[in-house]
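Asks: Sequence:
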Amino acid sequence: MHIIISPAKSLDFKSKAPATNNSEIRFPDEAKEIVTALKGLKPDDLKSLMKISSDLAQLNYGRYQVWKYPFDADEVKAALFAFKGDVYTGLDAISLSEKEINFANEKLRILSGLYGLLRPLDNIMAYRLEMGTKLNVKDTKHLYEFWGDKISQLLQADMEEQGSEVLVNLASNEYFKAINKKAFSKRIVTPVFKDWKGGQYKVISFFAKKARGWMTRFIIQNQISRPEDLIAFSEGGYYYKPELSKSDSPVFVRDHEG
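Numbering of the sequence shown is given in the UniProt record's numbering, commencing with residue 1 and proceeding in unit increments.
Since the hints were made in silico from the structure, they are not lab data.
Hints may be right or wrong, so weigh each one.
[To be verified] Calculated pairs, DSS-like style, for lysine-lysine (alpha carbon to alpha carbon, straight line, at most 30 Å):
(1) K14 - K84
(2) K47 - K9
(3) K141 - K194
(4) K9 - K186
(5) K181 - K202
Since we're looking at a predicted model, the values are computed, not measured.
Using the sequences and the accompanying hints, generate a full structural model.
Replies: Here it is as structure tokens:
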């Protein structure tokens, strides 16, 4: 069983990460092509393209101007410890044991607009580029078109190598769209997290993101290999709700917010 999650907009390249045997990204040529397109844009172009503030546009303009591959050792960090956001708060990778980190490196994959598909211990340079960005790279109109089947094919190959038959999708819709189901033959299970609000159970983005991180951690720490065992998840007050669930869409609810 494999897991996919989204990256995060916020990054942490300042705090120290555990000593791990880090690896190289597997789509360096594609990343170079994307960065070449980004290097041709001015800060105002990035502000408009990415819908970000002037300060963030300037920051990312600087990032892309100095981006180069092969990476310099002092400018990289393992992806698992570089991303900082709601999912990663729930995942809390810094507190995982060495054994758990190694398990995660085998079974967890992080989707990325720039890097395609990351293993947790792949070194990355700082960047910001959401998968839904309408960036023209070569003859493509957006990143979904640019990546095509490449991400799906590599994910499929990773799963074949590990003998995994099920993909647990804990990514956002924006990132999951990068998986072309026609080029991917494995079963996909997508957990859904809902909170009680206004007299009904609803998906509340902030809480759902953190819950996806919690479930990722739950799978890693318990080395879960069967989707049926996901129903034992109970972090943060969530519990499995069979009457709302389908076989490939288990629903976990919480009867209070926060």
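Asks: Hint by hint, say whether it matches the structure.
Replies: Hints, verified against the model:
no. : hint        : in the structure
1   : K14 - K84   : 11 Å, holds
2   : K47 - K9    : 14 Å, holds
3   : K141 - K194 : 35 Å, violated
4   : K9 - K186   : 29 Å, holds
5   : K181 - K202 : 27 Å, holds
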